[in-house]
Every structure is written in C-alpha cells, then in structure tokens.
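Here the protein sequences line up with chains G and P, keeping their order. Position one of the first sequence corresponds to residue 1 (my numbering), numbered consecutively onward. Position one of the second sequence corresponds to residue 1 (my numbering), numbered consecutively onward.
Hints were generated in silico from the structure; no laboratory data involved. A few of these clues could be false.
To be verified - Derived SDA-like pairs (lysine to any residue); straight-line CA-CA distance at most 25 Å:
no., chain 1, residue 1, chain 2, residue 2
1, P, K335, G, W33
2, P, K190, G, R15
3, P, K651, G, A178
4, P, K651, G, G214
5, P, K328, G, E209
6, P, K651, G, P67
7, P, K564, G, E209
8, P, K295, P, P379
9, P, K335, G, R65
10, P, K335, G, T37
11, P, K328, G, G214
Stated by the list, open to error - Computed footprint of chain G on chain P; a stretch qualifies when at least three of its residues, placed anywhere within it, have a C-beta under 8 Å from a C-beta of chain G:
no., region
12, 104 to 118
13, 419 to 431
Said to hold, decoys possible - Listing some non-contacts, in silico: residues in chain P with all C-beta distances to chain G over 12 Å:
no., residue
14, W336
15, G598
16, E601
From a predicted model like this one, the values you see are computed outputs, not experimental measurements. Each residue gets a CB set at the ideal place from its N, CA and C atoms; glycine is no exception.
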Amino acid sequence: MKSAVLVFPGINRERDMARAFREVTGVEPIMVWHTETELPDVDVVAVPGGFSYGDYLRCGAIAARSPIIPALKAHAAKGGYVLGVCNGFQILTETGLLPGALMRNASLRFVCREVRLRVDNANTAFTSAYTAGQVIRCPIAHGEGNYFADAETLKRLEGDGRVVFRYCDEAGEITDAANPNGAIDGIAGIVDETGRVLGMMPHPENLIEALQGGIDGRGIFESLGRAA
Amino acid sequence: MIPNDIQITPDIIRAHGLKPDEYQRILDLIGREPTWTELGIFSAMWNEHCSYKSSKKWLKTLPTKGPRVLIGPGENAGVVDIGDGQAVVFKMESHNHPSFIEPYQGATTGVGGILRDVFTMGARPIAAMNALRFGSPDHPKTRHLVSGVVAGVGGYGNSFGVPTVGGEVEFHPRYNGNCLVNAFAAGLLKSDEIFLSEAKGVGMPVVYLGSKTGRDGMGGATMASAEFDDDSHEKRPTVQVGDPFAEKLLLEASLELMASGAVIAIQDMGAAGLTCSAVEMGAKGNLGLELDLDKVPTREPGMTAYEMMLSESQERMLMVLHPHLEAKAEAIFRKWGLDFAVVGKTTDTLRFVVKHHGEVMADLPIKDLGDQAPEYDRPWIAPTPAPVLDASAVPAPADWRRTLLDLAGSPNQSSRRWVWEQYDHLIQGNTAQRPGGDAAVVRVERPNGGTPKGLAFTCDVTPRYVEADPFEGGKQAIAEAWRNLSAVGALPIAVTDNLNFGNPERPEIMGQFVHALKGVGEACVALDMPIVSGNVSLYNETNGEAILPTPTIGAVGLMDDVTKTVGIGFASDDDVILLIGDTTGWLGRSTYLWEILGREEGAPPPVDLAVEKTNGDFVRTAVIDGRVSAAHDLSQGGLLLGLAEMAMAGKKGARILLPETDVPLHAFLLGEDQGRYLLTASPEDASKLIVDAAMAGVPAVAIGAVGGETLTVGPHLTVSVDDLRQRHESWMPNWMSAA
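So that you can see chain G by itself, here it is in the shape it has in the complex:
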C-alpha cells in the first residue's frame, strides 16, 4: 500500500503518522509539502495533526486553502482513501470533504489523555480490522475537538452508519463522563458518503506499539493495508 502524508506549516504529528504507516504497512510514506499541486500516485493520503498556521484563524481554515488541496479533492473524487486525524479532521471539514465542524472543547481547555472509542462501523476501509461494537483505547490531544453538525446532517450521518467512532466508557456506553470534549452524540470520527474519507480527532498513530502502552491504534492502518 502506498501512502502520502501532507505537511502544512505548523503541522507537528507528520512524523508520528509516517511512523505508523511504516511500522504497520512496512512502506515508508511520501511526505508532500503544502505548496505542491500534484500528489504522487498513492492509495492513501493522510492529513496529520498539529496546529497548521498556528490555528490562529479557525482550525484548519487556512490549510484548507493551500495549493495542494485541489489535488487532495481530486484524489478523493477518483476513489482514493483520505485519513484526517485531529488537525487533519479539522482541515477536512474546512475543505468540505467532511460535514460538520470542530468547536472548542466544552472544558475550554486542551486535553491530552487516553480515551476509549467504540467502533460503530467496522465495515469501512479504515475499520475492517476491528469488530462492530469493539471498544478500543486511543489517545487524544486537542483543544478543539467538540464535533458539531446540524440536525439534518446528523440524521444523515447516523442513518448511513457514517459515525465510525464514538467516545465511550470501558463498557462501551456513550456517557457524558466519557466524552472528553463535548462532541455531539459522542462523535469522535466520521466518514464521507463514499466511506473513503475518514476524519477523527483521536490519534491512533500514537498507540501502535507496546512501548506506547498499547497497540489498539494499529487496526486503522492494518485495515487500510488490506483495503488498498
């Protein structure tokens, strides 16, 4: 499986993302600078986490207007996979590839901790290595992960099974206490209508080895490896 990782100024988890692809799929991804206008021939394009342009405007808003973005959209349009994590998720909503928006955490504070996610749809190219309803551990690190979408969009997301991950407790229950940022209905990750574009706030790329405290994040990369 061939992959590329987009790099915008201020992005800072591009190495973590590259490492996950390398460790799990055995192939080194190609790093692509934001001023490029073409993507290499790859199966997956990852938009990693960080603070593109310092998040000084709306998170992801400036990156979503970078020269590389038309190529990213073209990649998605022709059926390529796109994985946006954290700031990458924010960028994808700003490009319109995914619906909704990420607001400030309800606590108004940045939060870095390990949470639990329930895999609500194991039938995507990103989640086939998991089972439906499986509870996985995953770290989060963000100040603006409070997912929101209007009622109609939510209805569509839920109806189509496009909510892939939800924050949950150890037993898999969706509770306020288990929700780290106030995201509506505990939504942590969604796919677009094709199921080929995933945006998620948590960082699976930071939980792929025993040294990191667990390997629950590997499933995303393993799934992509199988799909591509």
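Knowing the structure of chain G, use the given hints to seat chain P on it.
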C-alpha cells in the same frame, strides 16, 4: 523619539538598573559619556539576568566536567554523550518575573526560550518539563496564575510539537508575591554535529532570521533583575508575546539550514535580544561585529536603534553564514515563510558597532561588554540550620485513615492530572513513561537500529528543606533526582540547575545561595552527575519578602534498553513489597508536619550521599535485570504516602505488616528519611533481592504484599483504593473550578 545624544542623568541611570559605581565603570571603560543606545546596551548586558554578576563567583565552584560531557555551561545548553554517536542537549531556565506579571505570555515565552536554546545547538527537541511554584491556594491571585501559566506552557509546547512529559507544581505562601516558572527542554543531536555561537572569519555575513522585531519585551531582562513591589503589574509591557507557530517554522528552517552546511555560528535572541546575541557571537570568536539596523526586519516603522537593540521579540535567531551559501540559506528560510536579512558583518576591530540611518549609534569594545561586566563578591551570612525535631514533639494522627486521605488530597500531594492533561505528553510517539510517575522516559532510537535506548527526565527540589538548611536541602534536591531516575531504571548522567532565590544584596539570601550551591555541588560530585547548564534567577522578592530558596534541579538519566523501565503502580497480586533503605522516622520539615499539622519546624532529613549511591545502584540494577514489577522512591509523605501512590497508580491494594522497630509508628510511616525506595517483586524474586541487598549492604525488608481493593496497614489503617483515588484526583479540579 528620544535622540541618541540625550544628557544622561542619575535618574536615567537608575531607570536602567545600573548602580552609580557601575555607571562610573562604563565611563572609565569607554572614556566618554555613553550615547542613549549605548546606555541601553550596557544595561542589557550588565543586568543580573544576563551577566550573572552576583552568582558567577559561586557557579564556578560547581562540578561541570565528566567523561560524557561534550559541552558544559556557557553555551545555549549543555551537551552530554549518550553513545552511538548521539548526544542529549538540555537546559532549564526561569521565566518567573514575566509569568507573575502576565502568566500566559510569561509561560509561553519561557517555554519558547528554552526550546530555542536547545535547537540553536542543532538538536531536535524531544522532551519538555516544567517546574512551577505558586503561592498559597487561598491567595486571591494564585488560581489566576495557575490557570494562565499552565495554559501558556501547554499552548506553546503543544503547538510547537514537543511532548511535555514531566514537572512539578507546588504551593506555598512564600510564593504569593513571586511565582516560579522553570522550563526545561531536551533535544537530540549527533555528537559530531553540534552548533555553537562563536563567530569565525572576518567579513562574514551576519544574518537575522525568524520573526520581525517589535516593541515587545523592551527591557525584559532588566525587569527580571529587580524586586517587585505593589506596582509590578505596571511592568506588563516588558513581557514578550510568544508565537509557537513561528517557533515551529524556525525550528524546521534552522535544522534544514544547519544540514545544508551554511551555518558557521548561531545564537538565538533571548534575553536582551539582538544586543546579547550579537555581542556574544563576536566576543566568543574574538571578533568585532557591525550591525546595520536599517536592514533589521521590523514589525512597525519608526523604531529607534535603542528600541531595536533592547527588544525581546521572540522567535528570532542570529547566524554567521558562509558567504557562498547565503543564497541557499535564504531559499530555505523563504520556503518556511520566515524573514531573512543580512544585517551586518564580522570585523577584526573587536568593536561592537551599531549603525542606523547611516549614523553610528553605538561603538563599544565588544569583549568588555561581556567579560568586563561587574562581578560581585556579595557579603553573605552562613545560615543557621534549624535544630533537629524529635518525633516525640510531633503528635501522632488520631485517625490514620483520615490523615492519609487528607495527605493524598492535600494541595501539594494531590494528583497533577489537571495540569499535565493540558500538556501534549504523547506527541512524537516515544513516551514510554507518562507523567505521574517518578521520572518520565522517552525512547531514543539508535541510528543503526537495535534495541532503542531511553532517556529519563525529572525535576526536583524541596524548598522547605532548603529554607531550613540550605546545604542539606541542596544535597537533597540532587539526591531526589538521582532516586527518581534510578527508580525507573535509568543511570543519572547529568544535571541542569535553575537557581531561584531572593535579593542577593541581602547577606542572608546570599548565604542561602552559597550554602545551597555547596550542597548541590557536593551531591553532584558524589553521585557523578555533572552540571552542564543552568540559569540563575535572583530578586524573587516582593515588598522585601523572598521566596523559599529554590534550586530546581532538572536531571537526565540514560537507559541502555528502554523496554526495561518499570512504573510506580502495583502490578500483580501477591507481589511482595520491599522497603529499601533505613527508616529512622525523621519528621522535621515533613509533609505531615506541614500539610496536616500546619507546622514548619526542625531540620530537614540529612542526606548520606554514599548511602544514596549504594541504594540507588541496587534499585537500578534490580529494575534493569527485570526483577521488580514496580519501583517508587520515597520522598514527601514518607512510606505511607509512597504506598498509597503505588496503590492508586496500579489500582490495586496491599496488606502491610510493619517490621518490628523502635521508631514510633507515626514517625515510621510519615518520616521522610532519605535514600529509600519501595519495590515490588514476585515472592521468588523478592527473596533473592533480600539476599542480594544484604550482600550489597543495602537495608531491605519485606513489609507486605500487593492485592485486594484496600490498602491495609496492620491494625492501624484500612482505606479503599477507590476512596484514595477519589480524594487524590479531586483536589485540583475542584479548587480550580471553585471561583
């Protein structure tokens, strides 16, 4: 605009933080009255913060050398060899004064400054820590300071992309008027690719890189070299504004530039900005330096030479480049969207010349600006150590369960989760021990593969001890760092010190400084932990009241195999709990005495450095050999709180049966004798460890076993681990949300 030839009056001299005799020294040195810009340059170079004029004499007595030390104090950061052609670069630096005035920006720029110190040497930052000290939780300003400083530390480090893996947060009323923000950063580089600030070659281009120069942080270093009074908030304009996004770009651009081979010398613009960086590069290289301020990128028009020379705008660098690679260098900086301007050249005149609009605004002897700074041998009075407090003078708890819950939920011993969850401690994917344990551990990949190494980081000091006996307290700060590193299985290799004290012009404060340094130095020698970098912050006083003497120690340890590390949490049922080290029941200055009984009395526990070495080596070896399942050093709160912390971290209880002893129960459980650890091991390994300990002359005794959902100590105490956790975790969030 103030003209450059303004008449210098005694008032102006005082406003620049210069004493009359220091001004006389300037007159003698240059043989004429300085210009306005020159006076600013002198005040920037000769203040306490930049010149170390009160502390230099004593800093020279510290041990700074060792077989691993590649670069000691004097550069931007210390560099220590960790094998495989790799080296760790680290330093700790204070941002106390600005953080008290404007907590968010004070903290961000403290973090930014220390990160810049590290990557200026060519290293990519891999870990950060922060030692924070605030006034009493009851003080009206404390919550605001905690909230702002923690948000600032996180706001900068998270965006920059360095994991903040450890630190300290403490409260004490003596910090009511001066909080402490001591920022630590460490980076990794190849040991043959270290970049220094010494300029080389005449006529070489001096290049300005990074953000533009503005009017922020004017005179910041001078502000930080004075005491506070009730009007200290008026000094807000001296605080700089941090931009982590610019710093991240500066990091990537600088490392790319260094790899291109274009860099001869590099110096970041920190305290005293352009002045200090330019003088340092020239003076170190025995060269003159000429700056043309018309070329300096500025944020606003109309800035004077004086303002440009004293601005402390952040995220700026000065470099001397190879002329034939200038274009290549510029292209790299343009790619990252940063300013790049040739602002001067090196000369053979040994003069520091500043030109603006074609006029010479300053022309000074460059060596004298740094080297001839006043150096004081301040009078000092040897502190009188507090008398020893006998355990019989300290009442035992009437209710043991309640006392332990109160301790675990006290302002100083409660969980710091509320703090470190605001710091991204997982970025870079190398964090092998997260915050909350004895020391953080970060993986270091070997260049040619193989089992990854580990670097362990901790920061420590117990200011209450230092106050009571600066010498023993200084020793204890190093000893505790040694223990924290040993407990995670790391060999302590070097130290950075951040010495926070009051007004050095008071002989009793100077006495604290001298004795604390003596203790720190002795311990560093005994434990083979050279000091490779550091920072001194004096004048931490408000209205004549000084902070507790606080020599914060940042220490680094090395692991040959990162996977061998163990945490503090009880791991497996039926593991035997071993107490390592001697317990005499030392209650003087203990946490129990202070947090529960509200008393600050007695001498602090003495530190036997030979015992520390033996016990630490034993514990580290046991961890590396895979014979223990958890390890924890005993410090504040003694044995009882140590057990509770292991239970809370592992979410497992334990049954404790105390050994027969002459020490009164409350002193045994709550005393803070040094050189002690708790280990857990399988019954089989535990028996062997006890034998090995006896052979090594290390006191080791089995005191119980892991298991169940309660912590039970003989007939005295039973408490559920859930109740402990609840109290431990709730103090800080409750306090922060109670407005």
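Each hint, compared with the structure:
| no. | hint | in the structure |
| --- | --- | --- |
| 1 | K335(P) with W33(G) | 10 Å, holds |
| 2 | K190(P) with R15(G) | 19 Å, holds |
| 3 | K651(P) with A178(G) | 19 Å, holds |
| 4 | K651(P) with G214(G) | 18 Å, holds |
| 5 | K328(P) with E209(G) | 39 Å, violated |
| 6 | K651(P) with P67(G) | 51 Å, violated |
| 7 | K564(P) with E209(G) | 15 Å, holds |
| 8 | K295(P) with P379(P) | 46 Å, violated |
| 9 | K335(P) with R65(G) | 17 Å, holds |
| 10 | K335(P) with T37(G) | 15 Å, holds |
| 11 | K328(P) with G214(G) | 44 Å, violated |
| 12 | 104 to 118 | violated (count 0) |
| 13 | 419 to 431 | holds (count 12) |
| 14 | W336 | 7 Å, violated |
| 15 | G598 | 32 Å, holds |
| 16 | E601 | 39 Å, holds |
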